[in-house]
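The lines below spell out each chain.
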Amino acid sequence: MNLISAKKLRKSYFIGKDESIILNDVDLEISEGEFISIMGPSGVGKSTLLYLLGGLDTPTSGEVIISGKSFNDMKEKEVSKLRRSYMGFVFQFYNLVSNLSVEDNIMLPLMLDGKKIRNYKDRVDELLCYIGMEDKRKLTPRELSGGQQQRVAIARALVYDPEILLLDEPIGNLDSKSGTEIMELFQKINLDMNKTIIQVTHSEQSARYGTFIYRMLDGEINSIEEVKG
Amino acid sequence: MIEKKSRLFLLVFSIAISTMLLVSSIGVLKVILNSYSSAYTIGHEGAEIVISSKNNMFFKEDDINFLGVKDSVGEIDYTGIMSHENEDNEMVYVTLRGKKLNQVEKNYNNKIISGNINDLEDKTCIISQRISEEHNLELGDYLKILISREEVELKIVGICGNTGAFYMDTSSKYSVIVNYTYMQEFFDVEDVYNVIFAKTSEDTINEGIDLFQSVEDNKNFDANPLYDDEALSVEYAAFFISMYAMLGFVMIMCFVIIYGAFNLVLNERLPEIGTFLSQGATKRKVKNLLYLESVCYGFLGGLFGNLAGVVVLYIINRKISPLAEYGIIEKFSIDIIYLIIGLVFAMVLSFFAAALPIRKINRLSVKDIILNNFYVPVKTGWAGFFIGIGMIAIAMVGAISNGKWTVDFSYITSVFVIVGIVLLASKLIDLITRKICGLVKERSSILFLAFNNIRTSRVLMANIILIIITLFSSISINAVSKSIIDTINSAYYNLEYNIAINNILPNTDDKSTTDSILEKIENQDFIIKESINPFYKINGHVDQVNTYTIAAYPDRFQKYMAYLQLDTGENKKVFDEFTKEKSPQLVVTEKLLDKLDKKVGDTVTIKINDIENDFKIIGAIDGKMYFSGLFAFIHYDHMKESYGLEETSTITFQVTTEDDKAKIEIDKLIYEYGATSITKTEEVASQISATETLCQSLILFSNLIIIIAVLGVVNNMLVGLFQRKRELALLSSVGMSNNTRNRMLMTESVLTVFWAIVIVVPYSFLVVKIISKFMKWIGMPVDVKLYPNSVMLTILITVIGIILATIPIFIKSRKISIIDEMRYE
Chain A
1 MNLISAKKLR KSYFIGKDES IILNDVDLEI SEGEFISIMG PSGVGKSTLL YLLGGLDTPT
61 SGEVIISGKS FNDMKEKEVS KLRRSYMGFV FQFYNLVSNL SVEDNIMLPL MLDGKKIRNY
121 KDRVDELLCY IGMEDKRKLT PRELSGGQQQ RVAIARALVY DPEILLLDEP IGNLDSKSGT
181 EIMELFQKIN LDMNKTIIQV THSEQSARYG TFIYRMLDGE INSIEEVKG
Chain B
1 MIEKKSRLFL LVFSIAISTM LLVSSIGVLK VILNSYSSAY TIGHEGAEIV ISSKNNMFFK
61 EDDINFLGVK DSVGEIDYTG IMSHENEDNE MVYVTLRGKK LNQVEKNYNN KIISGNINDL
121 EDKTCIISQR ISEEHNLELG DYLKILISRE EVELKIVGIC GNTGAFYMDT SSKYSVIVNY
181 TYMQEFFDVE DVYNVIFAKT SEDTINEGID LFQSVEDNKN FDANPLYDDE ALSVEYAAFF
241 ISMYAMLGFV MIMCFVIIYG AFNLVLNERL PEIGTFLSQG ATKRKVKNLL YLESVCYGFL
301 GGLFGNLAGV VVLYIINRKI SPLAEYGIIE KFSIDIIYLI IGLVFAMVLS FFAAALPIRK
361 INRLSVKDII LNNFYVPVKT GWAGFFIGIG MIAIAMVGAI SNGKWTVDFS YITSVFVIVG
421 IVLLASKLID LITRKICGLV KERSSILFLA FNNIRTSRVL MANIILIIIT LFSSISINAV
481 SKSIIDTINS AYYNLEYNIA INNILPNTDD KSTTDSILEK IENQDFIIKE SINPFYKING
541 HVDQVNTYTI AAYPDRFQKY MAYLQLDTGE NKKVFDEFTK EKSPQLVVTE KLLDKLDKKV
601 GDTVTIKIND IENDFKIIGA IDGKMYFSGL FAFIHYDHMK ESYGLEETST ITFQVTTEDD
661 KAKIEIDKLI YEYGATSITK TEEVASQISA TETLCQSLIL FSNLIIIIAV LGVVNNMLVG
721 LFQRKRELAL LSSVGMSNNT RNRMLMTESV LTVFWAIVIV VPYSFLVVKI ISKFMKWIGM
781 PVDVKLYPNS VMLTILITVI GIILATIPIF IKSRKISIID EMRYE
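Chains as they are written, first to last, in the working numbering: chain A, 1 to 229; chain B, 1 to 825.
Okay, chain A solo, but in the shape it has when bound (with noise of 0.2 angstroms):
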């Protein structure tokens, strides 16, 4: 069943009077449970079409389509309760708020949609246990590595059980070695809870962790290569 589909997507700006075309009638159809990677060169719109397919942005014409329904037919806050239970979110910068704990900034989408947070207790505990950052719980941003910040970031996106994690270039900023770290675990995010997870990389090696790889060239979808083994 397609989770994701996105029909004639496209994005463009006008500078001046010429118009700049971002994405070009972009169709594309991701199943549940699928990794897939969007690679190309910079400027190739493939931040873009991530943003698109989140709901962070609006497309020029053309439509997303999130099980079943177009993001076109929904009100501004349905697009929001849908980005903070349906849909997780991990950037390259972490996006953490700095004045928050780090138990706090994963709640943070359990606080916005109203819920009691002492109901999702365990669930905290136990993302903090699969990140492996149950003794940091009380500091703060700053006092976090760039690694262990972009771990609490994808508790956080991980915080309402998503069906998609959407990633803008994850370990960016982050050395090799945290890299990896960051990469195997979204491997096991993925094959573990069966979640699906749709990043933007440069990384040929950040790719391969995924099942399908996406390859961008002026603004079109050019070739899709499944990931073997």
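Note that these hints are calculated values from the structure, not bench results. Ideal Cβ positions, reconstructed from N, Cα and C, are used throughout, including at glycine. You can take every hint at face value.
Ranges of calculated distance between the beta carbons of each label pair, as one might list FRET restraints:
1) B:K5 <-> A:N24: 32 to 40 angstroms
2) B:D820 <-> A:E204: 25 to 33 angstroms
3) B:D820 <-> A:R137: 28 to 36 angstroms
4) B:N738 <-> A:S12: 19 to 27 angstroms
5) B:N362 <-> A:I224: 49 to 57 angstroms
6) A:E76 <-> B:K5: 27 to 35 angstroms
7) A:E204 <-> B:N738: 33 to 41 angstroms
Using 27 angstroms as the maximum straight-line C-alpha spacing, the simulated DSS-like pairs for lysine-lysine come out as follows:
8) A:K75 <-> B:K725
9) B:K441 <-> B:K427
10) B:K812 <-> A:K77
11) B:K427 <-> A:K136
12) A:K115 <-> B:K441
13) A:K138 <-> B:K427
14) A:K136 <-> B:K441
15) B:K725 <-> A:K77
16) B:K812 <-> A:K75
17) B:K441 <-> A:K138
18) B:K60 <-> B:K511
19) B:K815 <-> A:K75
20) B:K598 <-> B:K582
21) A:K77 <-> B:K441
22) A:K136 <-> B:K435
23) B:K815 <-> A:K17
24) A:K138 <-> B:K435
25) A:K81 <-> B:K815
26) B:K616 <-> B:K640
27) B:K725 <-> A:K115
28) B:K661 <-> B:K529
29) B:K70 <-> B:K30
30) A:K77 <-> B:K815
31) A:K121 <-> B:K435
32) B:K573 <-> B:K616
For this one, chain A is given, so just place chain B on it according to the hints.
Same frame as chain A, now just chain B:
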């Protein structure tokens, strides 16, 4: 673009407001003096000095040595009253200016509108066009005037433009020009004057007067300036000090605003600064550029501030011009030095306020600046907390203790009480909010995030401080202004009298007007005889201090002046001794004693109308608000005999009937003497109206402060928004809706006001106690109280202002792009 223009406006506006207040504060005295001096100078055809005899009503010109003065012109002047009551029952005073015909021709020939100067002979007069119109008087009409209770009829032979002797004419008090020879005949004298007007021959008026008085031949003559600079300065002292106090408040707030604005400018420029640094510019060079920019803003703000200051002074000039109600505004001029001071002040203020954020560049690494990875956490250190506690403790001791030092150092405790809470607030809020965060976390995510942001955001904390200062300023100003009115009210209601008689003019009879009036009122059944209290209020010098001397019968004044509680405790002892002892002695206020640097038992010299007498100080009393707490008190007989003053200033008494009815009867009795009466209720109203300008200015400042604060808060919120763009984008990325974000931003705004209120309201009780002492120190001993309605209104206005200030933040926050903030490429 609009955002940058608004910030430029805010910067320039803040600097301009401070400059405006400075220029108006330093320029207002000159405007007031100019306004009065020009009115008097025009009214006396350019003369600056008035010479009269100390002993006799008339004197010969030949007896005077004119050293120190020039262009002297002698006159016989006399003030009478219109011998009929006008429709409003108002007393109309007419001053007959007996001038020689050649002088009239010289000064008024081309100003006569109708009639002929040559007709000015015997019982004729010239009036002004203003009076002709106001009283419907035409050529050939007669003025019936009571002079020394003798009615004279003067035929109007000329109507002149409203200048010269007529310049100061008002409906109830005006001048007419009569022929000098007529006045000679009326008083049955020859070749004498009772007044000579002259100009100084020296550089200043006072130098001319001093030279004149130093001549032995002139020892029987008294030369005075037509207007008294020193007395005016004393009269307006509280107004000037209030203006400087307001300037202080506004300056602190503007400093915070300029600081905030530069913080924002700096944040926005970081990438640019990064580029400069990456290309080899030193931090010093970058800082110098920014300093230069701040000075430029200061210059621009200074220009507008100077302009606004000139406008304020012009308005003050219009308001205080003695003839403003006739559309005659005194010529307005401003010293260029004030504008230069204003400009320099603006540039210095801008420089120092900007220096704090600019200096931050030192603490940042070049890499962080280039990558715009710039985060300065809020500092809520314990050092500030403890220094704040120390300052508040000192302020509290100053507020609770009664020692004299608490008044003398009230300007320090006033600073401590505000600075102390500002230093303490951050940590205090941090500590309490930490606890609250834990409590609300389970209940409301918005409250939790908002409280947490307040605790950790430098900008939101700056807003709380700004609102705290605003509320303190506004609440204090309102409390001071209302307390002044209340104090005046209660002071006058505490005086034991029903009616006061004023304007007791000298006459040519053997018996003084005072004695005649006293004789008449003593015979009235409805007047309580024991309460009749004549007293002098004369401006003069006690040693070198310019002050008022009150002269009265001690026992009667003691009863009358219940406001000063002269019949209880130590005051009673002092006044009892006064009543017994007849030798020259005086009681001074504690404030005057302090100013004289004397102690009880010392001897001082009282100089009134150039006559000096020595008096021994037998006691000191608290003068409260009476004459700003600065006056001397001597026995009635000493004033009358030692200074030769026949006519008292005021006679007060109590009546057994209703005040208004008694007043009607009194008016009938005193009418022929030209004296006026006033009831206690009327007097209170008139005193309150006299302080109205001060109170109105205070309220105006209070509103201005709120406006400045709201603008400052908007700016700080924009700074906050700019700094938190990524954070807000992140919250959106993890599912925060626009609506929730707006609720969070609004909650933050409401909480900033909430914290400010929670701190300010209870703390205000301490603040007003210290302000009371400060008021005493500046010479307005008012017991400042908090007025709940006024406090509520100030809070309400501030809350509404801050909520409205949040609206632009909503609009701007909608424009935050998640992609732009989150995406690396």
